[in-house]
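Trainee: Sequence:
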Amino acid sequence: MTLTADRLGRFARHIVLPEVGGAGQVALSEAHVVLVGCGGIGSPVLQYLAAAGIGRLTLVDDDVVDVSNLQRQTIYTPSDIGRPKAEAAAEWVRRFDLGLKVDPVVARLGDDNTRDVLSGADLVLDGCDNFATRLLVSDTCVKLGIPLTTAAIGRFQGQVANFAGHLPGHACYRCFVGDAFDAVDCDTCAADGVLGAMVGMVGTFAAMHAMRVLLAGHSALGEPQFGTLHLIDGLAPSMRPLRIAKDPACRGCNAHGASTSCA
Numbered sequence: 001m002t003l004t005a006d007r008l009g010r011f012a013r014h015i016v017l018p019e020v021g022g023a024g025q026v027a028l029s030e031a032h033v034v035l036v037g038c039g040g041i042g043s044p045v046l047q048y049l050a051a052a053g054i055g056r057l058t059l060v061d062d063d064v065v066d067v068s069n070l071q072r073q074t075i076y077t078p079s080d081i082g083r084p085k086a087e088a089a090a091e092w093v094r095r096f097d098l099g100l101k102v103d104p105v106v107a108r109l110g111d112d113n114t115r116d117v118l119s120g121a122d123l124v125l126d127g128c129d130n131f132a133t134r135l136l137v138s139d140t141c142v143k144l145g146i147p148l149t150t151a152a153i154g155r156f157q158g159q160v161a162n163f164a165g166h167l168p169g170h171a172c173y174r175c176f177v178g179d180a181f182d183a184v185d186c187d188t189c190a191a192d193g194v195l196g197a198m199v200g201m202v203g204t205f206a207a208m209h210a211m212r213v214l215l216a217g218h219s220a221l222g223e224p225q226f227g228t229l230h231l232i233d234g235l236a237p238s239m240r241p242l243r244i245a246k247d248p249a250c251r252g253c254n255a256h257g258a259s260t261s262c263a
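Residues in the sequence shown are numbered from 1 upward in steps of one, following full-length UniProt numbering.
Quick caveat, the hints were computed from the structure, so don't treat them as lab data.
Predicted, not measured: the structure shown is a model, and the values here were computed from it.
Fair warning: there could be bad hints in the mix.
[To be verified] EDC-like cross-link-like pairs, simulated, lysine to aspartate or glutamate; straight-line CA separation at most 16 Å:
| # | residue 1 | residue 2 |
| --- | --- | --- |
| 1 | Lys101 | Glu87 |
| 2 | Lys143 | Asp192 |
| 3 | Lys101 | Glu30 |
| 4 | Lys246 | Asp179 |
| 5 | Lys143 | Asp122 |
| 6 | Lys101 | Glu91 |
| 7 | Lys101 | Asp122 |
| 8 | Lys143 | Asp116 |
| 9 | Lys143 | Asp111 |
Based on the sequences and whatever the hints tell you, model everything.
Mentor: Below, the structure written as structure tokens:
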């Protein structure tokens, strides 16, 4: 694939970076990313993945836009209230860059559709708000051999990590949280509160971290840092890395125990 003159102009500031370059920009243009969750984290993630020129985006969300979302989900406007988030987010992408392919999926991921939705992706970025979906996505990524970027926030603490549980010796997301959270209940922004700028910080970092994976082997942006959890403290502010060890008993990333079921 080669970049046309207008694409070269659009991404000129990327291309002049030795850490990205022309080869890196072509790799981004050829990449397919599935974004699970088009809410607080998904909103800044989508903005910066689209701005980076990710060639194909699949957007997954079964929720609709609510007035309370506008405080942090910056791709939506009051005119989007009541619309499916995946469709409104896809419309935002089309307005932003006609050169990108975008597919909205207005559905909740479950055992019946997750494999089909994630198949063919170069990377899955999960910013959803419940452990059942996070674990299902992680287990499916392992089975399909797809790298996973996961991002979460609780009040003023953010967590971002890249996982490659399909690779020998590498941990998966289930190695980190275990099996105890295979349930749909989870702390919510409605109950705990959330600062819009904090969500933006975590989502933007997640987009950057995803690009490390997509550019690996094409440029020198940096190592994907698989299995390293980055803890972001928005109050301090500070960030510290935490290495996640592979769990030898994990049923998500061990060859004889992988499962995509959730309780």
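Trainee: Next step is simple, just say for each hint if it's right about the structure.
Mentor: Tested hints:
1. Lys101 x Glu87: holds, 13 Å
2. Lys143 x Asp192: Violated: Lys143 and Asp192 sit about 34 Å apart, past 16 Å.
3. Lys101 x Glu30: Distance of about 10 Å is within 16 Å: holds.
4. Lys246 x Asp179: Given that 16 Å is the threshold and the Cα spacing comes to 14 Å, the pair holds.
5. Lys143 x Asp122: holds, 14 Å
6. Lys101 x Glu91: Holds: Lys101 and Glu91 sit about 11 Å apart, inside 16 Å.
7. Lys101 x Asp122: Within the cut-off at roughly 14 Å; holds.
8. Lys143 x Asp116: holds, 12 Å
9. Lys143 x Asp111: holds, 13 Å
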